[in-house]
Every structure is written in structure tokens, then in C-alpha cells.
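Colleague: What follows is each chain in one-letter form.
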Amino acid sequence: MNISSDIRNLISQRRKGYTLPAPFYLSPEILELDIATIFGSHWIFVAVEPDIPEPGDYVRVELGHNSVIIVRDDDMNVKAFHNVCRHRGSALCDEQKGSVGNIVCPYHQWTYDLTGKLIYNEHMGEDFDKNDHNLKPVHVGNIAGLIFICLADEPPADFEDMKRAMEPYITPHRLADCKIILQENIVENGNWKLTMENNRECYHCVANHPELLNSMYEFGFGYQPSPENADKVQEFRDLIVAETERWESCGLPSEEIDLLDSRATAYRTQRLPLIRAGESQTMDSKVASQKLLGDLTQRNLGGLSFWTQPNSWHHFMSDHIVTFSALPIDATHTALRTTWLVHKDAVEGVDYDIKKVTEVWRATNKQDSNLVERTQRGVKSDHYEPGPYSPYTEELVEKFTNWYIQRLEAAMESSASVIPIKACR
Amino acid sequence: MNISSDIRNLISQRRKGYTLPAPFYLSPEILELDIATIFGSHWIFVAVEPDIPEPGDYVRVELGHNSVIIVRDDDMNVKAFHNVCRHRGSALCDEQKGSVGNIVCPYHQWTYDLTGKLIYNEHMGEDFDKNDHNLKPVHVGNIAGLIFICLADEPPADFEDMKRAMEPYITPHRLADCKIILQENIVENGNWKLTMENNRECYHCVANHPELLNSMYEFGFGYQPSPENADKVQEFRDLIVAETERWESCGLPSEEIDLLDSRATAYRTQRLPLIRAGESQTMDSKVASQKLLGDLTQRNLGGLSFWTQPNSWHHFMSDHIVTFSALPIDATHTALRTTWLVHKDAVEGVDYDIKKVTEVWRATNKQDSNLVERTQRGVKSDHYEPGPYSPYTEELVEKFTNWYIQRLEAAMESSASVIPIKACR
Amino acid sequence: MNISSDIRNLISQRRKGYTLPAPFYLSPEILELDIATIFGSHWIFVAVEPDIPEPGDYVRVELGHNSVIIVRDDDMNVKAFHNVCRHRGSALCDEQKGSVGNIVCPYHQWTYDLTGKLIYNEHMGEDFDKNDHNLKPVHVGNIAGLIFICLADEPPADFEDMKRAMEPYITPHRLADCKIILQENIVENGNWKLTMENNRECYHCVANHPELLNSMYEFGFGYQPSPENADKVQEFRDLIVAETERWESCGLPSEEIDLLDSRATAYRTQRLPLIRAGESQTMDSKVASQKLLGDLTQRNLGGLSFWTQPNSWHHFMSDHIVTFSALPIDATHTALRTTWLVHKDAVEGVDYDIKKVTEVWRATNKQDSNLVERTQRGVKSDHYEPGPYSPYTEELVEKFTNWYIQRLEAAMESSASVIPIKACR
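Residue numbers (the working numbering), protein chains in the order written: chain D, 41 to 465; chain R, 41 to 465; chain U, 41 to 465.
What the hints contain is simulated information worked out from the structure, not anything from laboratory work. Only a predicted model underlies this, so the values are computations on that prediction, with no experimental measurement involved. One thing to keep in mind: the hints can contain errors.
All copies of an identical chain are treated as equivalent in the list; a pair is satisfied when it fits inside any one copy or across any two copies.
To be verified - Below, computed lysine-lysine pairings styled on DSS-like, alpha-carbon distance capped at 25 Å:
(1) K56 <-> K170
(2) K272 <-> K406
(3) K56 <-> K326
(4) K395 <-> K406
(5) K272 <-> K203
(6) K396 <-> K119
(7) K56 <-> K272
(8) K384 <-> K170
(9) K137 <-> K157
(10) K119 <-> K56
(11) K203 <-> K119
(12) K406 <-> K326
(13) K384 <-> K326
(14) K331 <-> K219
(15) K176 <-> K56
(16) K406 <-> K157
(17) K406 <-> K176
(18) K331 <-> K170
(19) K395 <-> K384
(20) K176 <-> K137
(21) K396 <-> K331
(22) K396 <-> K406
(23) K272 <-> K157
(24) K331 <-> K203
(25) K219 <-> K272
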């Protein structure tokens, strides 16, 4: 592929601290570039281990026009393959989730085992070598139960750093010992980058997210300092120090790590206190599941958040976990999959109420979806021009946007071989 | 922007007296050009004063992908702005019509007053200058209550000529003292130029518009002269002379003005007699509202029509007004907004019946919409070729088409700066 | 038109024995090329004589964006015209099928007779010559009641060879003396070439078409020879020899002709035995209409199949006929029209039951449509690569694909004049 000179110019002209030029939110050509360079060459969060608890369980994921199946094999390993038969190209798995013995193409019954090996087909003649026609594998990364895939032949090596850093944070919540109680698929009417920019700030929370504000500190996501708020800010800072010390003394790493920039596999984490009961992102900020996760014994652990570039965010509380994966459909539509998990032994109606666990983020998702759509409507005007991010409340948005531009620049440098967009697509 | 050589060739090859080559009706690239040059650089009719009677009232208008809000400010001035927040680009106003105190962006509460001035926002730091982030204004023109906008930095100056010429015609109908009794939004499945071509002739009326023919003279919109029709034509001509004299003696300018060609702001007007009762474009050609407009005292004033390039037509009768605005949605869809108005003091059920006022043009719009759609279906064939306009009944279509080509030629000449189509759109 | 160098490269790189590179199934640009070169320059099956039994009967056919009407004129000739008025380009006929006296454009009443001659219009002036504005004709070919059209100015001459060869096969079934009992229009969510590839093999039948298998021999459409199937294969071969001899002795040509390749007008035919009762493609393989076709007196005539490049297949049994026409809508949608016919004197409820005649192919069409859609979903992945056709069961698929590539190559050679894709489409 060649990155057109129009796009190269747009990349080089991006102004730091400002939203992107309109074509980055509108152009099908740039979306193709995003799929090739961002979603095709980086580690993408797509599922959790409880999506596929048993051998043969699979989950299907669409990254733009690319379909991938993530499967648990008979040795309990997580594998991923392109969802494309090596015979005539038929899609193999139709359901978003399912369970199979082998992967059998419904068209002509070519049959692959759970490691992707072609083990059976008819009529192909003596010269046909099955070994040349195994499913095409996709790289899998696993951080304490969070499953990432990378479509590139050579995935970014810095995933291992992220894994090493993040496992101590996440492991105590025992994601693999959770069960999914709800999975919601929303199609947002906006470019995936608007979904991500919206996620990376809470400047919009006060006016838009009444449910979320039931558990969230006003100052948790930035503010402009002023004489009026100086006392409250200091109070909040002291609280973070105290709570972080308390949590770490319980063996729960909680300090902020911010590596959202200047690397291929970029992320941020922090455990933050919640208001009122301080236990969970619920309407009353108390736990919504009485069966705490893993070996946790304390309820008021605030919320451990984990954000990754380009497409995920996660909240781990003492009682439940919520994970989010945003994947482009086309230039103006994004699939957002949200997964709510509680301890696998928690009993509905006894230990937890599904509505209580899920209502805050279901409401928040809906509100965010509206904000993304309205921004998409605005930026398509010829008279839109990039606007300034707040230096106080939109720093993480700038880091996302900056990371995105960096990654395109890196792709431009390595060019042809790295970005194999198909002719004529 | 560059107008591609393909399009330049198409423009230069247009044959006078014939419909346009197919790409002008089909091509998304040419639609972009239309939005930039025709709708982006000319005066476009979009609303009437009664759309926004009170301070804070707004109406939202979409010109292709460009969204504009027309607002009445606290000093009763009509203002227009791009419907795009200067922060992250969010659309500001969602409803087609509404009323606001200030214009508050729902995303992060950036707040603009009704003159477009940014008056409030949070978290932007000390260096942020509100004055650099006011809403982007759009030029407004007002002809006796008909509201036009122009998106260009420097609108065509000849609007003032049209205003000067037309105000004496329209003012007696006192549009600003009317109220809207119905507003209909139709999406026509055709290119906006097919909507306009259809509007500019009545050759199709006999076979397609039974309701409209209840009040319309057969010869009002052209005919091929023949020995058979010579007497009736002479009769009609004599009638026009007599009626025009009568109307003008009442202080109602009625003579034809035809400036549909060879200028940026092009238009045509004429007051024409109606058949039978001769009062109004209704099923029985009698007035449908007993409360006559303005200071008018006579019912049989025929119909004053006002046509503008590129996108509007209007009919003023003694009792009611109908205005039409056609705006492109994309290459093959057009939004037609029709507005029916009567005197603001007329009382429904007493002075007028809403069905009687609106039924002729509601039926006619529907019939026209079908004709536009069928033409769109036809011209997409590779075997369509431009066909001849009738020299007798389609002169005004030729003037529209010719004006359109002239304006593209003018844009080609002034090229780069005038036509800022965004890269990668 | 110019075939872009990208497409030229794709054409030249096609690997024999393998499915096509993805852009051939996805690219709107290649679909335009297909419409211009394949559907615009070859003989396309579109209808049967019983579609238009009486003078004035017409059937409308859409080949991509090109609309054609096939009409029976007053002398009982079959004519075809572009469905585009020569005045303003309006589509003339709206219904898929209908009956008219003359062809009158609903827009301005331009009136054409059934031979396409413009016979009436108003207002066009003295200089207007009607003879210059007749409907644009389309070539018609007729093989024993199967109607083909060709949009090219100079259709491939080898149609006459096919006609001469095929008439003796088809004529005994007396298509023109049949009546249509059901016509089904399916939109398949796939490129037309996937519809055709699916039609050209029965490798997928065992797992997907239980209804069809009620009458079809396992070995009829290829198999890999093996010691295990040797006896059954020999049995089947002996049966074909015996049955062919029996049918030919009744005056029914039945020998295979395979000219699917290396010519513009390419086709294949063979009469094949059916299993069990051997009479018809029905659930019990018995005739579904008691009134046999034409002068046929024997029920167990197996099935005479006739396949044409690029877009049709047909099955003639002793009691009924099924014909199929596949036409592209756009790059990823195909219209499949299926027509079931029985003897025109057969009486429903007495001689035949409509469900019994149609249920096998209605079910089979639905199953095939799903297979086409799943393949379309698969090939859009960047990680799809052309896969191998079976040398035993997918030979006819290879012949289709090979023919297609040959025809594009032929178009490339004759280039500019032959492939008039419109600028800016």
C-alpha cells in the first residue's frame, strides 16, 4: 500500500493540543489506513477469558472488514484465527459466540481442529497438501484474563512490558474466575476515534452522566485550579495518597502508571477512590455483588482503571469488573462491546442483582453514544476546524490523539511492507 | 480544491438546450462540487421570518453535510451560524426548530449568546481567549421576510439588486405578519438538479397534477403555437395585460422580471391570473383563508410567483403563501421543505381550514417527487444521453441548467481559493 | 474508459485453478467493469417467452444500473429497449412486468410504439425530428423460448452456434407452450460471481441441499476416484450410457456438450439421470405435473441442464422447467430470478400442485443464498487469499472463472471503444 500524499500532508499538519482535522473522522480511505496500521499492527483488546471458558468455545470479533475467531483449544490454550476458510474463503463461524468440536466450514466441510490444523476434506486430489491450508493464525496476548490479539506478522514486543507491569494490578481480581452476566453490543454512529476521545475525558461527565457521578470524584479526571477549588482539591489529593497507601498495604498495587504515549503498546492505570460508600461504580456506590472477587476481603477498594491504546478501557472493583472494547465498523460507525463480570460462584438474586451491577454503565454508554454521534454530525461540516483540548481535563485525549498520529507516522516510515491495504478495496 | 479534469471536460462539453450529462445527476464528486460552489457560494433560500418569531427561536438547515442554525437574537435581528461547537466540533442544535436562551453545547457546556459570542466555558486555562472561539457566522439576507443565507466569505453583491426589485412585489403580502400552519419535509430520491428542473416547467402538469390544474391556466407555462390554439392563446395574453393593469393599479407590482441567467443571484417573478374564481391555488381556486394577507382587500389577485436560482420557489396569493426550499442531501437525495402560511390572526376552523389551504401542493409535491425519482432511475443508465428541452415549455429549465453550468465555469476560473473542498472527503 | 493499471495487474496475476483475488468480489470499480464488459458485451439470459405471451406484454430487467424492457410487439416479435425516455431520461416502465398499448413516458407523454418508434409528443417545435428520438434498441436472441439480450452494438456472433446446437435439445420441451406458475426474485448478499461459482459445483450439495439430493445422483457433478467408490462410479457411468441411448432413441438429444471456455458465448448442456423414480427434480423424484410438456410421452427423462456464461442455468424435465437468471445489483448484491413453468394447459389442483413443483428449488435457492452470503463475508478479510478448486468437483467453477478472466483480457485488448464506463460514475 501507499499512503497517499493527501494523507501524509494531513498527518504532518496535525496541530498538537487540538482535535484532528475532519478527514480523520470522515474519510473511508483513512479508516482503511486505521484498520491496516492501527488495528492491523497493534495489540487490540477483544475478549476476556470467561468469554470462552471451555474447550471449543469461541468468540467472533470483527476489526473493520477482518473477522477473527478466538477459540479455546483442547489443552485450554487460547488461540485465534482468521475466520476464513482456506478453500473458497467462506466465513467459518457465524455466531458472535459459540462452541464447536472442530471448526467445520459449512460450505464444503473442510474441517480444522482447534489449533487451526486442516484435518479433513474431500475431493482435493493426491497432490493436495493439507499442511499448506491450515487456518491463518493470529497472535494472542493474555494479561490476567484480558485477551488481546495482534494481526501483524511481528507484533510489537513491548506488550510484554505492559503484561509484566499490569499483572500484579489485575490478578487479585481473578478475572478468569469470573462469569459474564451481561454483554452489550452498541453500534455508535461515529468514527472510532471519537469513541476513544470521548472515553479519555470526564469534562463532559457533570452535564451528561448523572448515574456515573453517584460514585465518581469531581476532581478525579482533571480540573482547572482556582482559589475556589483549592481546598477541595487538596483534600482529594490527600485522600488519594492515604487510600493508595491503604490499598498497597493490602497487596493491591494502586499507583498510577501513565505510558499512553511514545510506544506501540501504550496504556495507563490507576486505582482511584470513589465517593460515598466508595465500593463500586453503582448507583449507591456500594458493592452490587456480595461475593467479592478472588481472595478480596474488603469492599471499599475504589476502582482500578486500565486504559489501553487504541481501543479499550476496564474498571476493576472489589465486586465486579466492566471491560470495554471499541472496534471500527466503517469510517462513521463503531462497535462497542461492554462486558460485566462477577465472581463465577455468585448467585443471581442471592449475591447480586443484574440490574444493579449493570445500570450505571448501561446508562453511561447510552449517553456517550449520543455524544459521539453528535460530534460526528458536527465535524462533517466544511466549517468545522480543529478545536483546543483543555490542558486540565483533556490531557488524556491529547495523549490518545498524539499516540494515534505517532503510530501513523511510524507506519509512513516503514511504509510499503507494513501496510498491506488491498488494491481496489 | 481542484476541479478534476474529468469534471472540467464535462462542464465544457455541455450542449445548450439539452439535459445534463449523467454524471451531473449521479456523481458524488460533482455533488461535492455543487455543495462547495453552488450552495457554498450563492444566496440560498432557507426559511421565512415566521419560522423564528421570537428571540431565541432557531431553525436548523442542512446544506449537504453543512449544518447551519438561523436564530433570532434579543434585538430581533436574524443571525446565522455554523452548527458546530468551536471546542470539539459537536453539533449544537439537534431539533429542526427550537428555542433557546443561549446556545449551549451539550457536550462540555461551552455557551454562546444569540450573536454567536462565546460567553462561558470551564477548564480552558488562563491563556485561552474566548474571542477566538465565537461561532462562525453565516451571512443573512432578508427580502420582505424570506430569509436567505450565504456560506461564502464574500457573498455575491447582486443580492441587493434582487432585494430592491422584489420587495415591492412581496411586501404587500406581509410575510412577517403570517404564521406557519404546516411545514412538510420530503426526501426526494433524486439529485437536487432534477428537483429544480422539474420545478421549472409545467409541460408535465397536464398528465400529472390534476389538483394544481384546478387553478392554473393551460398556457401559463408555455406551449407550441399552432393554428388550433391561436385564439385561446390570444385570449390568455389579453387577460394577462388586463389583469396586470388591474393589479398594478391597486399598488401591486405584477410585471414579469426574468433574470434567471447571467448573474450570480438569479431569479424570476410574475403575477399570473388563475382560472375560475381566480383567487388562490386551491381545489376550487377560491381563497382558503377568509382573513386576507396584510392590507389586501381583494381576493382575486391570482398568484405572484418568485423563483430563485438555485433552490427556491414561492407563491403569494391574497389569502396564503407557499414557499419551497430544495437542498441536496447527497448525490441522489434532496430535501424539499414546503411551508404554508396564512395571516397570523386567522383562526383555524373559523377563517381557514388547514386541509383546504394545503391539499393542492401536498398532492403536487408527492407527484413531483415521483417524477424526480423516476428520472433519477432513468439517467443512471449507461445508455441515457442528454435529451432536448422543448423550446416552448422548457425554457426556464434551460435557464436553470445554463445558470448552473455558468456558475461552475465561474468557479473553475477563480478555482483554488473559492472552492475549498476538503481533502479526503 | 480506461481499465486501471491496478485492475490490469489483478487480471494478469490470476492463478489458474484458484478462486479470484478479493477485489474481484468486492470492488465497485471492478463491478463497473463487469457491467461494461461482461454484462454489456455478452449475451445475457433474462426471460422466457411465457413472460410476455401477448402483444404489449413487457418484462423489465436491471443489469446493474442499466434498465431494459423486453416487449412483445404487435407482430408477436420480441423486442428489447433501454428503459429510458429520449426526452429527459425518465424511466418508462416501473413494474417488473406489465402490459401496454404503446410505451408512454409518464413524465411528458412522449409516446413510443412497441417497435420503439417515437410516434407522438408535444411542444418540441417544427425542427424536431422524431426519428432521431426513437428508443434505443437492445439485441434480442431467442433459443426455443429462452430470451437473451446483448447491450453491445455488435453482439458476439457465436450466439448462432449455441442456438443451432441447443435448439434440438430444448425444443421438445416446448417452452413457448408453457405458463409461468411462480417467479421468485431473491437478492443475494454477494457478488454475482460468487452466485455463479456456487451454481457451478455440487461439492457443497451433500451438506447443504437435502431437498435437491432427493433426485440427484451423488456422482453427477464430480468426485475424487477411490477404490471405495469405483464400483458405484462404474455403475453410474453405465447408467448414463444406457439412459442417453434410450433418450436419444426417443428423439431427445442428451449427450454432453461442454463449450464453457474459450469463446464469447459459452455454455454447457447434458441430460442426466435422476435417482429413484428418475422423473423430476421433486421431493420424491416423480413428476409434479401430470400434463407432460410438448409431445413428450415418457416421464422418466431425467433432467436436461443448460448452463450459460455468465449468468444462467436451466433444468428441463418431462413435466416442468426451471430457469435461473443472475444479475448484478452492485458489487455485493445479486438479483436471482427463478421461474417455474408447466404446460400451459395444466390445471392447478388437477394436473399439478404448485408447492410440489417449486419446493425443491425454493429450498435450494435459500440455502445457496446463505452460502453466497457467507463467502462474501469471508473474502472481504484482508487475510483471505485465493484457495484451490477441487480438480474433481470444481472443474466447472474453474471454467467459469477462467472464462471471466479471458473476457476481461479480451476487453483489455480492445480497450477504449469497447468499455465505455462513464466518467465520474
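Colleague: What hint numbers does the structure not satisfy?
Modeller: As far as the earlier hints go, 2, 3, 5, 6, 7, 8, 10, 16, 17, 18, 23, 24 and 25 are violated by this structure, in ascending order.
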